[in-house]
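Visitor: Once you have looked at the hints, place chain B on chain A.
Those protein sequence lines, which keep their order, are chains A and B.
Taking our numbering, I'd label the letters of the first sequence as residues 1 to 292.
Taking our numbering, I'd label the letters of the second sequence as residues 1 to 319.
Any given hint could turn out to be false.
[Unchecked claim] Sample of chain A residues at the chain B side, in silico, Cβ under 10 Å:
#, residue
1, F19
2, A22
3, S46
4, V134
5, N225
6, V271
7, A286
Derived by calculation from the structure, the hints in this document are not laboratory data.
Note that the Cβ used here is the ideal one computed from N, Cα and C, for glycine as well.
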Amino acid sequence: MKNVLRLNSIGAMAVRILFAAAAAFPIVFMLVSSLKPDQQIFGDMSSVAAFLPIGNISLDNYTAVFDRVPAARFLINSVGVSAVTVVLGIFINSLCAFALSRMQVRGKRVVFTAILATLIVPFQTLALPLVWWVNQLPYFELNGFSLEISKGWLDTYQVQIIPFIANAFSIYLYHQYFESIPKELDEAARIDGAGWFKIYRQVVMPLAGPATATVAILTFLPAWNSYLWPLMVVQSEELRPVMIGIQYFFQLNVSWGEVMAYASLITVPVVVLFIAFQRSFINSIASSGVKG
Amino acid sequence: MTTTQLPSRRSAAPATGGTPTTAARRKRPGRLREQLSGWGMIAPAAVLLLAFVFLPAILGFGLAFTNARLISPRPVEFVGVDNFARLFTDPTFWRALLNVSYFAVVVVPVQSGLALAMALLINKKFRGVNFFRTVYFLPVVTSMVVVSLLWLFMYRKDGLINELLSTFSFGLIQGADWLNDPATAMPAIIALSIWQAAGFHMIIWLAGLQSISGELYEAAQLDGASRWHQFRYVTWPGLKHTRSLVLVTITIQALGLFDQVSVMTQGGPLDSTTTIIYEAVRSGFKQQETSYASAISLVFFVLVLLISAVQRYLTREKD
Chain A
1 MKNVLRLNSI GAMAVRILFA AAAAFPIVFM LVSSLKPDQQ IFGDMSSVAA FLPIGNISLD
61 NYTAVFDRVP AARFLINSVG VSAVTVVLGI FINSLCAFAL SRMQVRGKRV VFTAILATLI
121 VPFQTLALPL VWWVNQLPYF ELNGFSLEIS KGWLDTYQVQ IIPFIANAFS IYLYHQYFES
181 IPKELDEAAR IDGAGWFKIY RQVVMPLAGP ATATVAILTF LPAWNSYLWP LMVVQSEELR
241 PVMIGIQYFF QLNVSWGEVM AYASLITVPV VVLFIAFQRS FINSIASSGV KG
Chain B
1 MTTTQLPSRR SAAPATGGTP TTAARRKRPG RLREQLSGWG MIAPAAVLLL AFVFLPAILG
61 FGLAFTNARL ISPRPVEFVG VDNFARLFTD PTFWRALLNV SYFAVVVVPV QSGLALAMAL
121 LINKKFRGVN FFRTVYFLPV VTSMVVVSLL WLFMYRKDGL INELLSTFSF GLIQGADWLN
181 DPATAMPAII ALSIWQAAGF HMIIWLAGLQ SISGELYEAA QLDGASRWHQ FRYVTWPGLK
241 HTRSLVLVTI TIQALGLFDQ VSVMTQGGPL DSTTTIIYEA VRSGFKQQET SYASAISLVF
301 FVLVLLISAV QRYLTREKD
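Extracted from the complex, chain A is given alone in its bound form (with noise of 0.2 Å):
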């Protein structure tokens, strides 16, 4: 008996590492290949020498995509638009979702349902119409001391982050954690004069900090990997976000080095990340799993 039981373990965790193998394989291949030059990594291919920092290894490659694409420039505006859009999401979807859970207030059930019935809305469906709708939408400019009002939000910053902000999954989070929270303390505050913006920024949100976390992990990520949207609305190089350079590689005669050096930049930030806040991660992604 214990013998079977010694044998099912090692059993197991060969399974486990033969899994764990096919999850990594492609990712080393990758940092490793963008180490190398395009020859190397072709003759490397049929060894384990491709998994393997080993031969000609160099930043080479990093140099050549900086170079090549205005690599800083679209790391710039990623990093520009998922922070201003995960900071202003989780200002404005907890405010939201604090006075749906906290305030009397009339009419609250109709708007909280209205906001949850958004959810089961792709956003497939909605992209196409919303290229049309945002390209019809004014936008509102204060050029020296003259408002300069153009039509039309294609190819900007604004169309990148303003659609995202308000997120319906974000404001349930925030709901469900705020419905947690024992409204004797918001009571005791109450009653020592506090107003209700002083109860939710001291009183509420410092008690909501795994909602925060979640909140701001579920919207960096589409923000960050974004591609569908951006690939439509933005045209000018200066604006346009990390997934959209790949098409820098579109081309013939691309080196693949260059390639892999590029898909690992962009890659990279987003597994830092993830390591240095994995078990807000995994919680994220267990939450997120109650949306279907």
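Guide: Frame of chain A; chain B shown alone:
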């Protein structure tokens, strides 16, 4: 908010009004302010959702029955069901529907099965469990666009996949030109999609597994249940809700297939990998036919609703 816990306000309120009970409710100090600030807090998110989810959804529905173009000097006109008539007689659309169904029929069982296997492998605590969980999850945090680019490279005729196949089969298997052959392009996209997303559903299964009480397993062990019986009679029934959740999310994701196709094959070769969303983007963005694209989007939405309704109904009835 319950007023019962605020004795001071409760006793103060009747003094200001005439008839105590109604006045206490109506004239409670700050009641109007609470309404106003409440709406003030709800408004930013509500307005944005209205502008960027509700309106486009309604617009999309409306535009599908017009001749709207993305940029056009002509006014938008109502054209009835012309777009749908054109759509349902377009062989590319039917091909896209077939491709997406093929994709979903393979991906849904294989991906959810592999994800469940991975979850079971790392469900119990053992040394190194964190390492395995991290590695299994790595593909999920890699964007689908990067994954597609990476696999585009690996699927070359002289690429890593063929080299690995040839090495492990001792030269017996000569790999295909995966993405340029209509017969292998979709299976190739299926494989990388499962590779990327299995870790996501592993986490959802894991959450389900961990919600099953350990006492049930102890009881089963006392009754002498084998590992398989424990899985069959404790784990499987305990995953009832997770199961329908995983099935619905994978199916909807499968129907929305786009990134991989856009990066790797552009729908080719010979339309063998085109999808509903890819066709919508091709007509709505590249050819600027917003109305036709809206019609495709509407059909997609109806499909998503139908499938999640059917799936929910089936998974509920069975158990």
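Visitor: Does A:V271 meet its interface restraint, that is, does its C-beta lie within less than 10 Å of any C-beta in chain B?
Guide: Interface hint status for A:V271: holds (6 Å vs cutoff 10 Å).
Visitor: Quick check on the hint: A:S46 CB to chain B CB, less than 10 Å?
Guide: Because about 5 Å separates A:S46 from the closest Cβ in chain B, which is inside the 10 Å limit, the hint holds.
Visitor: Against chain B, is A:A286 within 10 Å by beta-carbon distance?
Guide: At about 4 Å, which falls below the 10 Å cut-off, the nearest Cβ of chain B leaves the hint on A:A286 intact, so it holds.
Visitor: With a cut-off of 10 Å on the beta carbons, see whether A:A22 makes it to chain B.
Guide: 7 Å, holds
Visitor: Tell me if A:V134 is really an interface residue toward chain B, meaning its C-beta lies closer than 10 Å to one of theirs.
Guide: Holds, about 8 Å.
Visitor: Please check whether A:N225 passes as an interface residue: C-beta within 10 Å of a C-beta belonging to chain B.
Guide: 4 Å, holds
Visitor: Once the shortest beta carbon distance from A:F19 to chain B is found, is it less than 10 Å?
Guide: 6 Å, holds
In this structure, none of the earlier numbered hints is contradicted; all agree with it.
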